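**Q** Produce the complete structure using the sequences and hints provided.
Respectively, the protein sequence lines represent chains A and B. Here this note's numbering is used: the first residue of the first sequence is 1, the next is one more, and so on. Here this note's numbering is used: the first residue of the second sequence is 113, the next is one more, and so on.
Hints listed in this document are in silico derivations from the structure and should not be mistaken for laboratory results. Fair warning: there could be bad hints in the mix.
Coverage of chain B stretches by chain A, computed from C-beta distances (three or more under 8 Å per stretch; other residues unrestricted) [claimed, not checked]:
| # | stretch |
| --- | --- |
| 1 | 149-157 |
| 2 | 213-220 |
Within a straight-line C-alpha distance of at most 16 Å, the following computed EDC-like cross-link-like pairs (lysine to aspartate or glutamate) qualify [unchecked claim]:
| # | chain 1 | residue 1 | chain 2 | residue 2 |
| --- | --- | --- | --- | --- |
| 3 | A | 45 | A | 107 |
| 4 | A | 2 | B | 171 |
| 5 | A | 99 | B | 181 |
| 6 | A | 45 | B | 219 |
| 7 | B | 165 | B | 181 |
| 8 | A | 79 | A | 57 |
Just so you know, these numbers come straight off a predicted model, no measurement behind them. The beta carbon of each residue, even a glycine, is placed where N, CA and C say it ideally should be.
For reference, the chains in residue letters:
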Amino acid sequence: RKEVEQDPGPFNVPEGATVAFNCTYSNSASQSFFWYRQDCRKEPKLLMSVYSSGNEDGRFTAQLNRASQYISLLIRDSKLSDSATYLCVVTGPWNQGGKLIFGQGTELSVKP
Amino acid sequence: DVKVTQSSRYLVKRTGEKVFLECVQDMDHENMFWYRQDPGLGLRLIYFSYDVKMKEKGDIPEGYSVSREKKERFSLILESASTNQTSMYLCASRTLDRGYQPQHFGDGTRLSIL
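**A** Structure follows, in structure tokens:
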């Protein structure tokens with residue numbers, strides 16, 4: 001089992017749609033959680049951190065369920081510019097040096 | 113804003129050459145990382161460093177070495193380049209203040225080994 005697993009893509013949605021990405025992680029001692037966005041042939045960029053109480057940044061909402069070891073990202077009113085690959089990222093426990101573990105990514109394509 | 117700078121965006125080298133990839137960050141971050149990214153394989157950690165003069169192997173260290181003589185600079189070295197090391201290489205850094213913070217990435221180096 002992979003340490004971080006994401007929904008397989010690609011997701012093809014029309015503009016204005018709401019889309020949800022799911023991610024599960026295997027190590028219950030994981031410390032921190034993030035969503036990154038990566039555009040084609042570019043470096044990953046931090047989209048948002050994910051907090052236990054859930055957090056929102058404009059059209060983006062992230063949720064964390066530690067009991068189920070599950071993270072989600074919801075994008076409302078999707079724009080053409082949201083087209084990218086979304087990476088779920090988990091920080092391992094202290095005794096593993098807190099390495100970041102990346103999911104394979106889920107590709108999103110927003111169509112007019 | 114955090115700035116992570118990689119020395120080259122594109123690099124072409126020959127098999128057997130010794131290749132140096134340089135990474136500099138300007139935020140006094142303790143941790144620095146080198147990854148490679150290949151289609152279908154995602155990001156894979158090569159080496160990382162907790163602080164100056166410290167280094168730890170990641171998941172795929174074979175064929176690579178690193179150097180961290182100064183806090184702001186983390187170098188990746190391909191001792192004898194091979195064609196299977198053609199890839200996108202990404203450097204990242206993060207602070208350890210207030211727990212584990214997200215990493216910030218450089219623009220990446222697309223390395224081709226001929």
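**Q** Now tell me if each hint is right for this structure.
**A** Outcome of the hint check:
1. Given a C-beta distance limit of less than 8 Å, the hint that chain A covers the stretch 149-157 of chain B holds, as 3 residues qualify and 3 suffice.
2. Remark: the stretch 213-220 of chain B is confirmed as covered by chain A, as 8 of its residues place a Cβ nearer than 8 Å to a Cβ of that chain, reaching the required three.
3. For the proposed pair residue 45(A) and residue 107(A), the alpha carbon gap of about 15 Å is at most 16 Å, so the pair holds.
4. Using a Cα cut-off of 16 Å, the hinted pair residue 2(A) and residue 171(B) holds, with the two alpha carbons roughly 13 Å apart.
5. Simply put, residue 99(A) and residue 181(B) have alpha-carbon atoms about 21 Å apart, too far for the 16 Å limit, and the pair is violated.
6. About 10 Å separates the Cα atoms of residue 45(A) and residue 219(B), which keeps this hinted pair within 16 Å; it holds.
7. Note on residue 165(B) and residue 181(B): the hinted pairing holds, with a Cα-Cα distance of about 6 Å set against a maximum of 16 Å.
8. A C-alpha spacing of about 15 Å is found between residue 79(A) and residue 57(A), which places the hinted pair at or below 16 Å, so the restraint holds.
When each numbered hint is compared with the structure, a violation occurs for hint 5 only.
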